[in-house]
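Novice: Residue numbers (the working numbering), protein chains in the order written: chain A, 1 to 501; chain B, 1 to 160.
Since the hints were derived computationally from the structure, they do not count as laboratory data. C-beta: ideal position from N, C-alpha, C; glycine also. Be careful, since some hints might not be right.
[As the list claims (entries may be wrong)] Label pairs and their computed distance ranges (CB to CB):
| no. | chain 1 | residue 1 | chain 2 | residue 2 | range |
| --- | --- | --- | --- | --- | --- |
| 1 | B | Asn107 | A | Glu458 | 47 to 53 Å |
| 2 | B | Glu48 | A | His315 | 53 to 59 Å |
| 3 | A | Pro8 | B | Glu47 | 33 to 39 Å |
| 4 | B | Glu9 | A | Asn374 | 44 to 50 Å |
[Said to hold, decoys possible] Pairs of lysine to aspartate or glutamate, EDC-like flavour, derived with a Cα cap of 16 Å:
| no. | chain 1 | residue 1 | chain 2 | residue 2 |
| --- | --- | --- | --- | --- |
| 5 | B | Lys39 | A | Asp41 |
| 6 | B | Lys38 | A | Glu38 |
| 7 | B | Lys39 | A | Glu38 |
| 8 | B | Lys36 | A | Asp17 |
The chain contents come next:
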Amino acid sequence: MSIDFLYPEFEVVRNMDRCITCRVCERQCANEVHAYNERLDKMVSDESKCVNCQRCVSLCPTRALKIVKSDCKLRENANWQNDGIREIYKQANSGGVLLSSMGNPKELPVYWDRMLINASQVTNPSIDPLREPMETRVFLGKKNVKPERDESGNLICKVPPQLELDLPVMFSAMSYGSISYNAHASLARAATEMGTYYNTGEGGLHEDFYQYGPNTIVQVASGRFGVHEEYLAAGAAIEIKIGQGAKPGIGGHLPGSKIVGDVSRTRMIPEGSDAISPAPHHDIYSIEDLRQLVYSLKEATEYKKPVIVKVAAVHNIAAIASGIARSGADIIAIDGIRGGTGAAPTRIRDNVGIPIELALAAVDQRLRDERIRNNVSLVVGGSIRSAADIVKAIALGADACYIATGALLALGCHLCRTCQTGKCNWGIATQRPELVKRLNPDIGSRRLINLLTAWKHEIKEMMGGMGINSIEALRGNRLMLRGVGLTEKELEILGISHAGE
Amino acid sequence: MKRVYVNEEWCLGCHLCEYNCAFANSGMDDMAEALKGKKIFPRIHVEENDRITFAVSCRHCEDPICVKSCIAGAISKRDGVVCVDQDKCVGCLTCVLVCPYGALAPNENGIMQKCELCLTNSFGEPACVSGCPNNAIVYESRDEVQTEVDPDGRTLYVGD
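This is chain A alone, in the form it adopts within the complex (with noise of 0.2 Å):
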């Protein structure tokens, strides 16, 4: 209908010198933009299909294609903006819910960029990390606070099950339905090969993936999809999912025609069902109802596996993780409010939940101050972007980090954010299989490998900066920190100083 026609988003420009009709645009766009008229023997575009996923953009072999916003656009007003004034067009159309994929593209205050990470100067000699050894191993798990001994006096050695990563970080949950097969292939191969863990999300573990098990975490979600007894004990550790960043209080909903094949047979749901994960767990209205499954999973792993709860950053968090960290888990995962998702409402991504910065602050304080923060392991997530972001991570009190924006970006994903369209033309976010094969795992494998092998040497360098030769030496260091253009508010929930104090 013409009353809500708005030029498209995007436009394609091309350099008709430069364009020599090999249409390998054509051929790689899943949205169809590209087309070659034969008539004008010349390629054309319908961009009102283009998403700006820079596919064409990047095997173009002369280079002669750019996307641009384009500039025709409703006349300027700070309060109704081009993309509410869209989002209003859209749902006078169609009566729905809007939705959206990955992070919170909002601009909310992102409270690493205000932190400032420290380093010595004459009085205590940094290190180098070249020269000196620098320890990034860390254990996730309850840790004993008292060493126990026996009659005879020997120190009892036995620990709580816990996680043994060779750096802090570790790639959050992504069910096998919402990515690829090749992207679950590239993570699991790069998790193993870096010592740490990738994570199945919601969508059970595919039978070919059961070989990377030992660095494996194993989901338990709302939906229970895909769990089973060995789906159980092939993992290195049980997270139960009961909220994610990009949506607090939600469930989530993948359609039935991504239900095909092995997602149908990986999720023990029909084929073409919708699997639908409730809002709540309904065997969960309380923090001994969380201990019951919490023990549930313990029991059917022989205790022999740690028990990771997984909860969204949202405005009661520290009094939530306190419950939690006397639930039985043995490592609390936080997701904060910029995290991302395979498709949200909008308005809930955009609007629930709270950063991750704070949220961490908040709960590590709070576990401290009532003595029970060796019950757990924090790991955050929820747009940790860079080794700076762990390393003020780790200095406001986390153990490890969950990154999964920051992995998908390694394996290509240009951030379009149409993920819940299922045609994602760098084969992520798609189960098509001429879309999946775009990913080659030995490619994204080793693009995960060298992205975090990078990292590593960055927090070394940051962490030798500061004269500390391990991350356990970093963790909870607040003093390592140093707030900028923060209210005295913030400085009193992050528990930092401002810069110049």
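Position chain B against the provided structure of chain A, taking the given hints into account.
Specialist: Same frame as chain A, now just chain B:
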């Protein structure tokens, strides 16, 4: 010997290899200048149907039938690479008929040309391989001995 191997599992059917091949053998520096407005005659060809795509180029057979078939003596094997002497080629297309892989095709003037691994052009290494976005074409020497034998029992191709 290093050869070009194709892994159809990762071939996207984007045809970039054909264009990179044509550019590498054009002798020009700029791809747009070399290929714009021209029909290309690459030495690698993407075969495709609804279910599968893969690129085909010369296998550099151990016992090449094209060499034996050439009535002008234009095809020979040099250091394991099957080469065409275009000055000798008479364009009879016998080699096209006999090649079991369909790896040979004439150029725009009807003279034969074939994949010579970019060893003699300005690229120096197979352009199809370096330009493939998904590692579907690789240039490597493989340990395992692979042989293919035609219906008459002749060894066509031996990998090293």
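Novice: Look at each hint and say if it fits the structure.
Specialist: Consistency of the hints with the structure:
no.: 1; hint: Asn107(B) <-> Glu458(A): 47 to 53 Å; in the structure: holds (52 Å)
no.: 2; hint: Glu48(B) <-> His315(A): 53 to 59 Å; in the structure: holds (55 Å)
no.: 3; hint: Pro8(A) <-> Glu47(B): 33 to 39 Å; in the structure: holds (36 Å)
no.: 4; hint: Glu9(B) <-> Asn374(A): 44 to 50 Å; in the structure: holds (49 Å)
no.: 5; hint: Lys39(B) <-> Asp41(A); in the structure: holds (12 Å)
no.: 6; hint: Lys38(B) <-> Glu38(A); in the structure: holds (14 Å)
no.: 7; hint: Lys39(B) <-> Glu38(A); in the structure: holds (14 Å)
no.: 8; hint: Lys36(B) <-> Asp17(A); in the structure: holds (8 Å)
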